[in-house]
Amino acid sequence: MNTQATSVVSLQAPKDVSVSQVEAELSKIWQSSGENSAARASTFNLIVHEPETIGAASRIASVDAIASQSPCRVIDLVTDDGEDQGISAQVAAYCPIQKDRSSLICGEYITLTGAKRAFDRVHSILPPLLIPDLPVFLWWKDSPAPNTRMFEKLVNLSDRLIVDSATFANSEVDLLKIRGMIQSSTQIADLNWQRLAPWQELTAQAFDQPDRRVAVWEIDGITIDYEQGNSSQALMFLGWIASRLEWEPVERNMEGGDYNIQHVIFEGRNDIQIKAELAAIPLGDVGEVVGDLIGLRLTASNQNTDACNVFCSESTGCMRMEAGGGAQNYRVHQVSPLSDQSADTLLGQQLQRWGREVLYEESLALVAKILAL
Amino acid sequence: MVQILENPLRVGLQHERTPEPLILVIFGASGDLTIRKLVPAIYNLKQQRRLPPEITIVGVARRPWTHDYFREQMREGVEKFSTGIGAEAIWQDFAEGLYYQSLDMSNLEDYRKLDEFLNQLDKERGTRGNRVFYLAVSPNYFTDAIEKLGQAGMIKNAQKTRLVIEKPFGRDLSSCQELNRVVQKSCDEKQIYRIDHYLGKETVQNLLVLRFANAIFEPLWNRQFIDHIQITVAETVGVEDRAGYYENSGALRDMLQNHLMQLFCLTAMEPPNSMDADSLRNEKVKVIQATRLADTRKLDRSCVRAQYGAGWMKGKQVQGYRHEPNVNPESLVPTYVAMKFEVNNWRWQGVPFYLRTGKRMPKKVSEIAIQFRDVPYLLFQSAAKQVSPNVLTLRIQPNEGIALRFEAKMPGADLRTRSVDMDFGYGKTFGIEGSDAYDRLLLDCMLGDQTLFTRGDEVEAAWRVVTPALSAWEMPNDPSLVPQYEAGSWGPTESEQLIERDGRKWRRL
Numbered sequence: 001m002n003t004q005a006t007s008v009v010s011l012q013a014p015k016d017v018s019v020s021q022v023e024a025e026l027s028k029i030w031q032s033s034g035e036n037s038a039a040r041a042s043t044f045n046l047i048v049h050e051p052e053t054i055g056a057a058s059r060i061a062s063v064d065a066i067a068s069q070s071p072c073r074v075i076d077l078v079t080d081d082g083e084d085q086g087i088s089a090q091v092a093a094y095c096p097i098q099k100d101r102s103s104l105i106c107g108e109y110i111t112l113t114g115a116k117r118a119f120d121r122v123h124s125i126l127p128p129l130l131i132p133d134l135p136v137f138l139w140w141k142d143s144p145a146p147n148t149r150m151f152e153k154l155v156n157l158s159d160r161l162i163v164d165s166a167t168f169a170n171s172e173v174d175l176l177k178i179r180g181m182i183q184s185s186t187q188i189a190d191l192n193w194q195r196l197a198p199w200q201e202l203t204a205q206a207f208d209q210p211d212r213r214v215a216v217w218e219i220d221g222i223t224i225d226y227e228q229g230n231s232s233q234a235l236m237f238l239g240w241i242a243s244r245l246e247w248e249p250v251e252r253n254m255e256g257g258d259y260n261i262q263h264v265i266f267e268g269r270n271d272i273q274i275k276a277e278l279a280a281i282p283l284g285d286v287g288e289v290v291g292d293l294i295g296l297r298l299t300a301s302n303q304n305t306d307a308c309n310v311f312c313s314e315s316t317g318c319m320r321m322e323a324g325g326g327a328q329n330y331r332v333h334q335v336s337p338l339s340d341q342s343a344d345t346l347l348g349q350q351l352q353r354w355g356r357e358v359l360y361e362e363s364l365a366l367v368a369k370i371l372a373l
Numbered sequence: 001m002v003q004i005l006e007n008p009l010r011v012g013l014q015h016e017r018t019p020e021p022l023i024l025v026i027f028g029a030s031g032d033l034t035i036r037k038l039v040p041a042i043y044n045l046k047q048q049r050r051l052p053p054e055i056t057i058v059g060v061a062r063r064p065w066t067h068d069y070f071r072e073q074m075r076e077g078v079e080k081f082s083t084g085i086g087a088e089a090i091w092q093d094f095a096e097g098l099y100y101q102s103l104d105m106s107n108l109e110d111y112r113k114l115d116e117f118l119n120q121l122d123k124e125r126g127t128r129g130n131r132v133f134y135l136a137v138s139p140n141y142f143t144d145a146i147e148k149l150g151q152a153g154m155i156k157n158a159q160k161t162r163l164v165i166e167k168p169f170g171r172d173l174s175s176c177q178e179l180n181r182v183v184q185k186s187c188d189e190k191q192i193y194r195i196d197h198y199l200g201k202e203t204v205q206n207l208l209v210l211r212f213a214n215a216i217f218e219p220l221w222n223r224q225f226i227d228h229i230q231i232t233v234a235e236t237v238g239v240e241d242r243a244g245y246y247e248n249s250g251a252l253r254d255m256l257q258n259h260l261m262q263l264f265c266l267t268a269m270e271p272p273n274s275m276d277a278d279s280l281r282n283e284k285v286k287v288i289q290a291t292r293l294a295d296t297r298k299l300d301r302s303c304v305r306a307q308y309g310a311g312w313m314k315g316k317q318v319q320g321y322r323h324e325p326n327v328n329p330e331s332l333v334p335t336y337v338a339m340k341f342e343v344n345n346w347r348w349q350g351v352p353f354y355l356r357t358g359k360r361m362p363k364k365v366s367e368i369a370i371q372f373r374d375v376p377y378l379l380f381q382s383a384a385k386q387v388s389p390n391v392l393t394l395r396i397q398p399n400e401g402i403a404l405r406f407e408a409k410m411p412g413a414d415l416r417t418r419s420v421d422m423d424f425g426y427g428k429t430f431g432i433e434g435s436d437a438y439d440r441l442l443l444d445c446m447l448g449d450q451t452l453f454t455r456g457d458e459v460e461a462a463w464r465v466v467t468p469a470l471s472a473w474e475m476p477n478d479p480s481l482v483p484q485y486e487a488g489s490w491g492p493t494e495s496e497q498l499i500e501r502d503g504r505k506w507r508r509l
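Protein chains in written order, with the numbering used here: chain Z, 1 to 373; chain H, 1 to 509.
Keep in mind that the hints were calculated from the coordinates and are not lab data.
C-beta atoms are modelled at their ideal positions from N, C-alpha and C, and glycine is treated no differently.
Hints are supplied without guarantee of correctness; some may be wrong.
Distance condition first, Cα-Cα at most 25 Å in a straight line; then the derived SDA-like pairs of lysine to any residue [as the list claims (entries may be wrong)]: (1) H:K428 x Z:E23; (2) H:K46 x Z:S342; (3) H:K46 x Z:Q350; (4) H:K46 x Z:Q352; (5) H:K428 x Z:C95; (6) Z:K153 x Z:C95; (7) H:K160 x Z:Q205; (8) H:K46 x Z:E201; (9) H:K190 x Z:D208; (10) H:K46 x Z:K141; (11) H:K428 x Z:Q205; (12) H:K46 x H:P139; (13) H:K428 x Z:R353.
Residues on chain Z that point at chain H, a partial pick, calculated with CB under 7 Å [to be verified]: (14) Q200; (15) L202; (16) T203; (17) F207; (18) D208; (19) A215; (20) R353; (21) R356.
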């Protein structure tokens, strides 16, 4: 997928209207630009909820990235802590322009603003604003809140919930909430899970060669370093590899310390015991995403096997992994993502996908088992 | 037998496919195709990280270039004919894998030297003996190259070596059969990738999706509901600087026998059992085998050839084909061909397929138009005095998309109808750029996926369909008997007659 900087043709700057006038106002916008709103291509509805701390400019920028790829209707929910004075609406239409494209992909933006309590009534306001018979995605840019009325109602209105576990306030608690929702049949996508793709790909690639495939079952040690601040990626990666290699978690110990180290013991095939170590490495600059994987080491006590591999992040390197001694015995891989890993870009990819992500769900099931210890 | 274990970590991963490390050997490395299309396409794949880091390209041609000079030439090509170099580090990494080897295509010793060089590169770059040989050379060299590669033992390993052959595959049925014999003698069919870049186009592949992923079209896709089908590939350009090639090919060999025939196949074939290479290609072969020119006894009733004469294009006067540089002033080579096909099977009996292609047409446009039958009885008054038939148009280029024309009631007290279009445009619906045809096909070949490549029997069958016309037109003839059309027009009057004789008209595009 191409990611290109966008500039924007504004068909209609944000205009205040009452909620009941939104549809009529959007029709007017398209008619004034020579298009028939009913005949416009539109591929989905996207409801966005984000903490009020995010400014309007930032919100618009992130939805531009989405709308430049697919014509859609974005409904942005902005909540504040004030008195419940009802919900006000703004409508706008933009056509982000991408270099090298001759045609415009245009999107409609509806911003609904109100007090948190006002949004408890959201289920009665939103349905008429959604384009009928098109999928509805809910992008929840916050920790999941399954016990709140607003969250519950929005999830019920949507076909798919999209979260980014890199933004979770408490990774372990919030991942368990997500697991609970999956068990109750909510379709969920986690953008942070997509960030693991290059790590999973390279790890799998290390055992692609037929003569190395048997070695994968000899792995009995795994060390995962991640950026301090969010353990979601580390836990999901551990959940993924454990679910693939049929490891059952049996013990979990928190060592703590500067690296907040935790150990997990698994039992694998042929009663092999696997020791996992997760370390949160404090970094000066963690970048846009908190909790990215930094390095990963797979080891095997069996000296006759070819299972020892080190994987290092392209951006941070992994001194700690290579410093452990015996580095010459490891195959070292550098992990560089195939595309931009920002939430906006990953969201664009996610909006093209459908259905359950079985691998994600199975990995998360294992994470839940680990966290239950 | 050794049991190959599955890689458990691979299960469920949905990443883009990446080929194994390999050496791509391009014969004709100093030619236009390499510089304009192939290397820019491979670099594009490199930028998208769709290739393994070990990917190595060895350019082969007669000229005595050095590795560095080859790298410079390829860099210029990428800068000029693709989205550019981008990050310098990526280019440097790519350029390190570019090599050049001078070779005389008729000299077996040169192939042996090339083989040694490739073996040496295997060790240096970890390419594990995997090779793709791409024949981007004049068709005259195909036989020599394939035979020599075979004699040098360079394509004997069917698992690790592949051969890509550019069109045209032969210049008639017998030369195609002969070339197939040479190929089969030197390697297996599963190693052969006959490339027709039309099959790499997104919109051509979308034709399969439209037909076989939507339940609403298939019930209508037959003689009961379809009146006829028109396939048009029109170019605005003339012969330009390709007279040397074009004088030996012409519109029939250059376009109709391959590009238009592929569009025809995908439109007319039965649903394949699956999307694997042979299922799809089996169906294509079956439909071509059921196809023939509508009237082989009176050829003018089923095919028309013509040449463009002088005329005007975009306000500029242009010369006729026979006055173009390096064109024989008495040339019989057609720059325009129109044909009427009949398909003798249950689905299509009685539904003519009209195909036309030409140079110096008023517009560059490629499309497939499926015209449905008239309603059995007209109840309403139409603004056009008659109801227009429904037409489903698949636009290949430009404005890629699909349009359905149907009748709608005009606003007002009277019950009158007018034709309207329901129009789906790729550009308006998907903000994601499709990949270039060569990007897609090169990657498929490196991955060993033959689905979008033509099979030997398919190419032979396609030649068989056009052979009656080819034989007649190849006979020594009076140049004045080749119809002329004005540059900038939609072809000769003979072409209009071909379709009007059946009470139909070419679409105005």
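Hints, one by one, checked against the model:
no., hint, verdict
1, H:K428 x Z:E23, "21 Å, holds"
2, H:K46 x Z:S342, "21 Å, holds"
3, H:K46 x Z:Q350, "24 Å, holds"
4, H:K46 x Z:Q352, "24 Å, holds"
5, H:K428 x Z:C95, "11 Å, holds"
6, Z:K153 x Z:C95, "30 Å, violated"
7, H:K160 x Z:Q205, "19 Å, holds"
8, H:K46 x Z:E201, "17 Å, holds"
9, H:K190 x Z:D208, "23 Å, holds"
10, H:K46 x Z:K141, "34 Å, violated"
11, H:K428 x Z:Q205, "38 Å, violated"
12, H:K46 x H:P139, "29 Å, violated"
13, H:K428 x Z:R353, "19 Å, holds"
14, Q200, "6 Å, holds"
15, L202, "10 Å, violated"
16, T203, "6 Å, holds"
17, F207, "5 Å, holds"
18, D208, "6 Å, holds"
19, A215, "10 Å, violated"
20, R353, "9 Å, violated"
21, R356, "12 Å, violated"
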